[in-house]
Amino acid sequence: MIQIAIAGSSDEKPLEKAEKKAREFARELGKYKDEVVLLTGGRGGIMKIVSEEFTKAGGVVIGILPERQEGNEFNTIRIKTGMDFAERSAIMINSADVLVVLGGGIGTMVEALMAYDYGIPLIVVTDTGYASDRLELLARDGYFDHKRIVKVEFTSDPRDAVKLALELKKAEKSAEI
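Take the sequence shown: its letters are residues -18 to 158, numbered as in our numbering.
Hints should not be assumed to be uniformly reliable.
[As the list claims (entries may be wrong)] Computed beta-carbon distance windows for the label pairs: (1) K128 with R59: 17 to 25 angstroms; (2) K37 with I130: 32 to 40 angstroms; (3) N75 with K(-6): 27 to 35 angstroms; (4) G39 with R140: 14 to 22 angstroms.
[To be verified] In silico DSS-like links for lysine-lysine, alpha-carbon gap of 25 angstroms or less: (5) K128 with K12; (6) K(-2) with K128; (7) K14 with K61; (8) K(-2) with K12; (9) K37 with K12; (10) K128 with K37; (11) K14 with K128; (12) K61 with K12; (13) K12 with K150; (14) K144 with K1.
Just so you know, the hints here were simulated from the structure itself, not pulled from any lab data.
For each residue, glycine too, the CB sits at the ideal point set by N, CA and C.
With the hints as extra help, turn the sequences into a complete structure.
Structural data, given as structure tokens:
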């Protein structure tokens, strides 16, 4: 199974563009429900939207929650970490094969930078209306810094993000052989 994590805004009412892209992403990902487990921060906003759509398709969602929160009702499995938000994010990202950013603010951007630092393949969906769209400005040559830890992929199409996530993981497996 490929463990695909998502990062996205926890806004109760996400921006319309981001919500639309999150739903498209989850519906496309649902086509691969037998190959993929979805990891999220388990809460509301974009996380809830993607979890709802993915579970409708029959997929398994693991919500890695901060503190002892219950999270949203679409978490198939709830992991209550007892940790703060950043510590919870570290668990989610370290458990991911790929991280897909679906639009958000500082928390989402911290998760993207954390994935890069940990060498986790990273895809950023752009044109969401959120500050995370500007991550592309940090990676003009495809990397966030001179260390060139992992190439960051950018796309405005959420369906392409799914394909990229699957391809990145398959390429990584081939390189291990």
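These are the hints, each one checked on the structure:
no., hint, result
1, K128 with R59: 17 to 25 angstroms, "35 angstroms, violated"
2, K37 with I130: 32 to 40 angstroms, "35 angstroms, holds"
3, N75 with K(-6): 27 to 35 angstroms, "30 angstroms, holds"
4, G39 with R140: 14 to 22 angstroms, "19 angstroms, holds"
5, K128 with K12, "35 angstroms, violated"
6, K(-2) with K128, "33 angstroms, violated"
7, K14 with K61, "24 angstroms, holds"
8, K(-2) with K12, "22 angstroms, holds"
9, K37 with K12, "11 angstroms, holds"
10, K128 with K37, "40 angstroms, violated"
11, K14 with K128, "34 angstroms, violated"
12, K61 with K12, "28 angstroms, violated"
13, K12 with K150, "16 angstroms, holds"
14, K144 with K1, "18 angstroms, holds"
Comparing the model with each earlier hint shows violations of hints 1, 5, 6, 10, 11, 12; every other hint is respected.
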